[in-house]
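Using the sequences and the accompanying hints, generate a full structural model.
4 protein chains.
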Amino acid sequence: MIDVIELRRELHQYPELGFTEFRTAAKVVQLLSGWGYKVNYAQDTMDGESRRGLPSEEVLEEAYQRALREGADPAVVERMRGGYTAVVAELDGSSDGPTVAFRFDMDALPIPESDKAGHFPADQQFRSSHEGIMHACAHDGHTAIGLALAERLSDRQFAGKVRLLFQPAEEGVRGAYAMVQKGMLDGVDRLFCMHLGTGVPTGHMRGAARGFLATTKLAAHFSGVSAHAGASPEEGRNALLGAATALLNIHALPRFSTADTRINVGILEGGSGANIIPAHARMVIETRSADEATNRELERRVRQIIEHSAAMHELEAKIEVIGGAIPIACDAELAELAAAEAAQIPEFAHAEPFSDASALGSEDASYMIRRVQEQGGKATYMIIGTDLPAPHHHPEFDIHEAVLSPAVTLLERLARKRAGD
Amino acid sequence: MIDVIELRRELHQYPELGFTEFRTAAKVVQLLSGWGYKVNYAQDTMDGESRRGLPSEEVLEEAYQRALREGADPAVVERMRGGYTAVVAELDGSSDGPTVAFRFDMDALPIPESDKAGHFPADQQFRSSHEGIMHACAHDGHTAIGLALAERLSDRQFAGKVRLLFQPAEEGVRGAYAMVQKGMLDGVDRLFCMHLGTGVPTGHMRGAARGFLATTKLAAHFSGVSAHAGASPEEGRNALLGAATALLNIHALPRFSTADTRINVGILEGGSGANIIPAHARMVIETRSADEATNRELERRVRQIIEHSAAMHELEAKIEVIGGAIPIACDAELAELAAAEAAQIPEFAHAEPFSDASALGSEDASYMIRRVQEQGGKATYMIIGTDLPAPHHHPEFDIHEAVLSPAVTLLERLARKRAGD
Amino acid sequence: MIDVIELRRELHQYPELGFTEFRTAAKVVQLLSGWGYKVNYAQDTMDGESRRGLPSEEVLEEAYQRALREGADPAVVERMRGGYTAVVAELDGSSDGPTVAFRFDMDALPIPESDKAGHFPADQQFRSSHEGIMHACAHDGHTAIGLALAERLSDRQFAGKVRLLFQPAEEGVRGAYAMVQKGMLDGVDRLFCMHLGTGVPTGHMRGAARGFLATTKLAAHFSGVSAHAGASPEEGRNALLGAATALLNIHALPRFSTADTRINVGILEGGSGANIIPAHARMVIETRSADEATNRELERRVRQIIEHSAAMHELEAKIEVIGGAIPIACDAELAELAAAEAAQIPEFAHAEPFSDASALGSEDASYMIRRVQEQGGKATYMIIGTDLPAPHHHPEFDIHEAVLSPAVTLLERLARKRAGD
Amino acid sequence: MIDVIELRRELHQYPELGFTEFRTAAKVVQLLSGWGYKVNYAQDTMDGESRRGLPSEEVLEEAYQRALREGADPAVVERMRGGYTAVVAELDGSSDGPTVAFRFDMDALPIPESDKAGHFPADQQFRSSHEGIMHACAHDGHTAIGLALAERLSDRQFAGKVRLLFQPAEEGVRGAYAMVQKGMLDGVDRLFCMHLGTGVPTGHMRGAARGFLATTKLAAHFSGVSAHAGASPEEGRNALLGAATALLNIHALPRFSTADTRINVGILEGGSGANIIPAHARMVIETRSADEATNRELERRVRQIIEHSAAMHELEAKIEVIGGAIPIACDAELAELAAAEAAQIPEFAHAEPFSDASALGSEDASYMIRRVQEQGGKATYMIIGTDLPAPHHHPEFDIHEAVLSPAVTLLERLARKRAGD
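Line order of the protein sequences matches chains A, B, C and D. Throughout the first sequence, residue numbering follows the numbering used here, covering 1 to 421 in sequence. Throughout the second sequence, residue numbering follows the numbering used here, covering 1001 to 1421 in sequence. Throughout the third sequence, residue numbering follows the numbering used here, covering 2001 to 2421 in sequence. Throughout the fourth sequence, residue numbering follows the numbering used here, covering 3001 to 3421 in sequence.
Note that these hints are calculated values from the structure, not bench results. A couple of the hints might just be wrong.
To be verified - Sample of chain A residues at the chain D side, in silico, Cβ under 7 Å: (1) K217; (2) G230; (3) A274; (4) R288.
Claimed, not checked - Covered by chain A, per the in silico footprint, the following chain D stretches (three or more residues, Cβ under 8 Å): (5) 3246-3256; (6) 3264-3274; (7) 3280-3292; (8) 3365-3372.
What the hints assert, rightly or not - Facing chain A, from chain B, some residues (calculated, C-beta under 7 Å): (9) L1241; (10) A1252; (11) R1255; (12) F1256; (13) S1257; (14) D1260; (15) I1305; (16) H1308; (17) A1311; (18) M1312; (19) P1395.
Built from N, CA and C at the ideal position, the CB exists for glycine as well.
Right under this line is the structure:
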């Protein structure tokens, strides 16, 4: 049996950003194949056009080469080249039954990991070896749990099928949608998603999180015509004038009585020199609402403002979705089942079906949950508590590793649980 | 013979704003008819759709009723009702020859006339009897000159034809265009326009003014949807947001290397109450340039900004032209002819063909001049000097009446002048 | 005994806008004095500087003259001249006891009343005789109730004191503050405020409304320098540029996580002509939040944006508060007392202490309630249900007059109620 | 004698950007010292605080290390470290007389040089060896001319003194000001500046260029507070809102009747992520006018807009001058002298004292010229014609090398010319 803690530490040392999880995914492919799973990956598990916020070709290629240098199986990663890093594995149980799926996210964050004494991964020598990149949101733990679960279930002592989904690019809510669009959630009867931490302490477990917001992240590109600002300003088409107009008007969109909303223009960059009418500008926008329809309406208005701010100055506007998520409505049945099973595990002294706190973030597992529910299946998003020395996305973030093994046990029980047991 | 000074004083007492010159125009019709001219007026001399910046129906009707009360011929003004106040009269000379036209503007300004001692019209008891309206730009003098000229020429001692154009609504550059569009300048071989004053002192005369700018005046109406600002702000479509966006972006239009430009949003009004999302806004915009094509391009960009500022917020935008003029290029031949004739009149000790100063204003006689030149005719815009106690458009503006009679004489000489004389 | 319905109809015929309730207030003074009350009014009941959104002197004077023409007591209204229309009356009971206050608002709305058949006041011939002004928010009913209550209590059969507050200018939340600042709520032990209608049907009564929002209404004046837009634009200081910049940035203020917020620029007006750099602009702004501190912070930021938008263009900015309110926290003790008393009155079959719906509007009785509570007193804001043929502020708004008499009875019971009864 | 063409080619191969001309300046120091000049450089020739648009420390250090690797004298460049790359050399003549100064600029541009066949430096193998940097404005030629001049004058056969100014960072009009502030122009009686090309063809020479514009280049930094855009947007202070407001209002500054103006926001960059309220933004602005006072007024207004756009959103604004120039008024006496001397040189068949075309660019030699004139000296800015295969600042720019030697001869004649000769 693999040691889930050791595995987590190994993954922690080689963090990879969204859509560049070449080394991680190749390891997942290798282990799952070895345990008898039917493993699909790369373009078989993701719709290429549906990937959101894909990095540039240079970034993808550089990460690919790094994975090769670090020992990833060339035949496997070759197929993943260009940002196809999802893995989906399936195993038949010993008898007929439902298809039960588990989802794990694999990507890390562009945060330099602390090297201070007292930071556990630094002290224990398994700190990130990729400078500037860090597993600061526990996805190393999630992936390790998924792999340990896979090994335990390789005995096939369960009814129906188990499907394990290893997702790239959860950060920025970018990767799940492409897996859903490729049909990876089709046929699932029960879907269990999970996250470590998020404010829930060690010993606690929640069968269903609540409060995830609908969100859309857009990148807008304004293209105009450069001109010499002194000699012939009227020949220019000023991309920054269009972008600044869009920025102000996007922020000026009304409050909604239907639901609380949020809106932000997080990045604006444009122009090339003091004496040149700026021909290009790029803007990154985020909308949020607890209400999905309200978020869609906000997105519609943002697009409208961008298009007309550009047209006003005879610019071309290109808008791309670089991230997105919808709200999550967990099925009470699974939430209660999960809490009941957790209650059987000594490490979870405090298991409750429903979270009492609102998450107030966004998760693209929401697309997977929605797809399962649309087909008549059930789904939930669980929280496995762990004390944290520093908040998520912090250079000193870490998990309490003792939670990993009981988490595997919980998922194992859920996989082996018969309907009606 | 009528006394041109007495006539000017009579007109001065009854000033009328653009398109409401009912009493003035009716008097012109009456006198010209009496002298044997073939007189056209009302819809026969103006294209209704081409009138720019027409006052509201209420304003037109109120002025019409006032003219009736003040003794205007009911049969004549009835035909002018609704703002058709142009008059065009023609007289055949004693032999064949060219068609020589003269243009006079008739309208006054929304300025309350001074009643202080020392203000000549006040002292002499011919101050405006229409409170708040004043002949503060000498159009009373222009009209009186035109009528006196008509009387003198009624002897038909000239070759060809004389055409006299009495124009409404020069202020705001609104009325000439509708006369041109009705064909009132067709067939003109020589056109003489003139203005008293404009900085040229008594005793001076210029055969051709220069420096008139192309200009466009637009009114833009933004229509949205009102909503309660507290209860359901998202149901509103905010006309003031669209208008403020347009205002900033119109001012931000680039400088042009092709010619100096000017741009102004002179008026913005919108909204109805603190707690109502504003559903309506109105904006008045002016563009200018010495270069006609540059002014057209500015106007095109202003329209584009308005349309997209509106569309950005799902508003409807309606844009109307409420005034306009083009540059004037006087024909040197007529400028020299006029200066030569003036030099024959003792009161014009200083007659020069060309002005040395730039006017830097706009004139819609420019459309008339352009039309004549397009047909192969010649045209000029003369300045007849007069000392001024206060600037044009000032409550104490006045002319030096001694200039009126020599001005009539100058025009008479130009009318009787044979080609090749 | 006066007939409360007849009285209401009489008031309905002579609606008066905020701070111009000369005829109404004079009638209140006359009746209360006749019943033995000690009556204060005019500058004795209002702090002049604390009046918000006072109409112009012309408007105040015109309304004053109208009241005189319509028979108001000249000696009384003379003292109210200039917008001092509050009345406060007090009566001692037959024994010692608490001071119990009741507040009634008197002003009408700038809404033309319907004259259609089926509109009850039209059918019954008591429609507004002040064209364009209408009691469309039931304040005629409130005032009638207050007067009928006064008459009943003139027997002095109660312990302690009764204080009756007749407030001007509740619409726009403008008038209560000046009464509070003058000390009119000092010494009050129990304060009962009330409103007819607001969605609560006939037969229902609520002891305490909830959900009133904090709000601030501001008027901002931008003053710059005019200049000829063609001749010397750089000499202007453009008030509309400053105002449009403020407008966009005010709308762009962030959402707050502390509480839901609203913001609106309801009116913007500026400029004088197409060719003049605009020297003046006026803007009306409204902020709202359920949380008072959040509303204060919003107001602070709005002021900051206005000041710097003006300074950016070398304009002077003047900001005045033209309205305001704070949230209301009713005291449960009075809410329950009121519901219990109402339950004794057959017409109130459905009396409940607390409203289940949120009002989502604003009320400046909030300042009175706050002052009473700060002194250790108790206060509540009751809703007296009445079916409505059309919503509040609608030209066909009307109340169900049968509710008036039971409402008087309810207040009478509250006035005669002994502490500890 | 050095070969001026060979020297120009050597300099062309090692182009260095403004304030990083370590290798070039070290070579200048070495040669001039060898020829007996008294050579000052580094902090002796530049006021550190007056350097505008200094690159970052990283960029300065990297260029310094490159110069060391490429053989620059370590003792010399050590003193220049950190961006002190001006050199000023002086030599006494054989008799008393005026101080005659010549100015040469040394810096290159961030333009990748063409490697196409037909591009002369590529064909002749002296193309830039610093990828992305190119002498595309003839400063290699200027520096070579200056050095060849220095060698010829080392015979001291002239009256008075010669002073040679080798200036860094002319591109972006950044370097001259620091030399002026250090007193490097003090005591100069005649100053000759020059430029190759600029549209004047081979064989032509102009004694005085005209039309240089006043300009100011500013960088503005907006600093706010970041916050999570979903969780607590009100805690942020949004730097991009302030910057976008400034951008629109800067472009909306009025046209001036005093002189033609230009204004541009060439660069805007800010923000860090979709879900973060942006805490920083940077903006680069350029103003221009033929009239120095108008340009100063424009700069004043730009600063005011930036400061208040920042304060409006509680941001800190820091504004730095990163470049600037003033107009140039050449002294006719020197212009005529230069043309007369050029007329003695066969290669200048077409020498004229005054340029007939307007330069319409900006030059920071203007500060040097102004300082000399303030002291009572005379100065001019000459154009030495050369045919160009491609415009200035183009990857295929090149000069006609045959012009170099006659240019040296012209300057030599001007240096040896006695007053009154």
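In rising order, the numbers of the hints this structure does not comply with: Numbers 8, 14, 19 - these are the hints that the structure violates, sorted from lowest upward.
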